[in-house]
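K.L.:
These are the residues of each chain, in order.
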Amino acid sequence: DIQMTQSPASLSASLEEIVTITCQPSQDIGNYLSWYQQKPGKSPQLLIHSATSLADGVPSGFSGSRSGTQYSLKINRLQVEDTGIYYCLQGYSAPYTFGAGTKLELK
Amino acid sequence: QVQLEESGPGLMQPSETLSLTCTVSGFSLTSNGVGWVRQPLGKGLVWMGTIWAGGSTNYNSAVQSRLSISRDTSKSQVFLKMNSLQPEDTGTYYCARPHINYYSGYYFDYWGQGVMVTVSS
Chain A
1 DIQMTQSPAS LSASLEEIVT ITCQPSQDIG NYLSWYQQKP GKSPQLLIHS ATSLADGVPS
61 GFSGSRSGTQ YSLKINRLQV EDTGIYYCLQ GYSAPYTFGA GTKLELK
Chain B
108 QVQLEESGPG LMQPSETLSL TCTVSGFSLT SNGVGWVRQP LGKGLVWMGT IWAGGSTNYN
168 SAVQSRLSIS RDTSKSQVFL KMNSLQPEDT GTYYCARPHI NYYSGYYFDY WGQGVMVTVS
228 S
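Line by line, the protein sequences give chains A and B.
Everything in the first sequence is counted per the numbering used here, starting at 1 for the first residue and increasing by one.
Everything in the second sequence is counted per the numbering used here, starting at 108 for the first residue and increasing by one.
Treat the hints loosely; a few may be bogus.
In silico SDA-like links for lysine to any residue, alpha-carbon gap of 20 Å or less [to be verified]:
no.: 1; chain 1: B; residue 1: K150; chain 2: A; residue 2: S7
no.: 2; chain 1: A; residue 1: K39; chain 2: A; residue 2: L106
no.: 3; chain 1: B; residue 1: K150; chain 2: A; residue 2: P40
no.: 4; chain 1: A; residue 1: K42; chain 2: B; residue 2: T197
no.: 5; chain 1: B; residue 1: K150; chain 2: A; residue 2: S10
no.: 6; chain 1: A; residue 1: K74; chain 2: B; residue 2: L127
no.: 7; chain 1: A; residue 1: K42; chain 2: B; residue 2: P116
no.: 8; chain 1: A; residue 1: K42; chain 2: B; residue 2: S228
no.: 9; chain 1: A; residue 1: K74; chain 2: B; residue 2: W159
no.: 10; chain 1: A; residue 1: K42; chain 2: B; residue 2: K188
no.: 11; chain 1: A; residue 1: K103; chain 2: B; residue 2: L148
no.: 12; chain 1: A; residue 1: K107; chain 2: A; residue 2: T5
no.: 13; chain 1: B; residue 1: K150; chain 2: A; residue 2: N31
no.: 14; chain 1: B; residue 1: K150; chain 2: A; residue 2: L15
no.: 15; chain 1: A; residue 1: K42; chain 2: B; residue 2: R173
no.: 16; chain 1: B; residue 1: K150; chain 2: A; residue 2: P8
no.: 17; chain 1: A; residue 1: K42; chain 2: B; residue 2: V222
no.: 18; chain 1: A; residue 1: K42; chain 2: B; residue 2: Q220
no.: 19; chain 1: A; residue 1: K39; chain 2: A; residue 2: T22
no.: 20; chain 1: A; residue 1: K42; chain 2: B; residue 2: V153
no.: 21; chain 1: A; residue 1: K39; chain 2: B; residue 2: P116
no.: 22; chain 1: A; residue 1: K39; chain 2: B; residue 2: L127
no.: 23; chain 1: A; residue 1: K103; chain 2: B; residue 2: E112
no.: 24; chain 1: A; residue 1: K74; chain 2: A; residue 2: D1
no.: 25; chain 1: B; residue 1: K150; chain 2: A; residue 2: A9
no.: 26; chain 1: A; residue 1: K107; chain 2: B; residue 2: S228
no.: 27; chain 1: B; residue 1: K150; chain 2: A; residue 2: L104
no.: 28; chain 1: A; residue 1: K42; chain 2: B; residue 2: Q171
no.: 29; chain 1: A; residue 1: K39; chain 2: B; residue 2: K150
no.: 30; chain 1: B; residue 1: K150; chain 2: A; residue 2: T5
no.: 31; chain 1: A; residue 1: K103; chain 2: B; residue 2: S114
no.: 32; chain 1: A; residue 1: K42; chain 2: B; residue 2: G149
Rather than coming from a laboratory, the hints here were simulated on the basis of the structure.
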């Protein structure tokens, strides 16, 4: 199984700050990486697919990138509504595996 | 408008069989698959399995021996059955629509609201 190492586990940031969350797979997954935001009591929502493609309706302040085998989700100018838990998912091979999550809070 | 809605019993006894239904609208089960994802209380997301548009399935090996996913395309419903429930199966169960192609791989573009299942005696 492909293991997804996501960091940090938690993050406290100020309004308008730039936030970066990373995921590293245990083997090559190409661009088969997606990112999700989950708010308390809600289902996850797709933010990014194909490592860098913004999902429909997602604010442009979110972006995804890849550098070698490390994948990053960047939030530009953190807003109140961006708090929640963020997960990555590798879509390369089954069992499709999620990162452990990053809890993002406002400082 | 794509929608998925899970339904099923909220409380189960250990050793019982869980049956959940995912009713979809806005897309056809013969054109799109449906996946199931579990989230233990306060923990992360775990992919359980997928039924594909052609009707084939694949499962997470961690639960494969206990899990079955099937569908009724005429009713736009997908079913999850998992036997020999244990307290550690407690959590929220989501159905979601997977998107898969050569460029993107597998990801979920729409999710249901989830159904909480508690396994306790």
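K.L.:
Among all the numbered hints in the text so far, which are the ones the structure does not match?
P.N.:
6, 8, 9, 10, 12, 13, 14, 15, 21, 22, 23, 24, 26, 28 and 31
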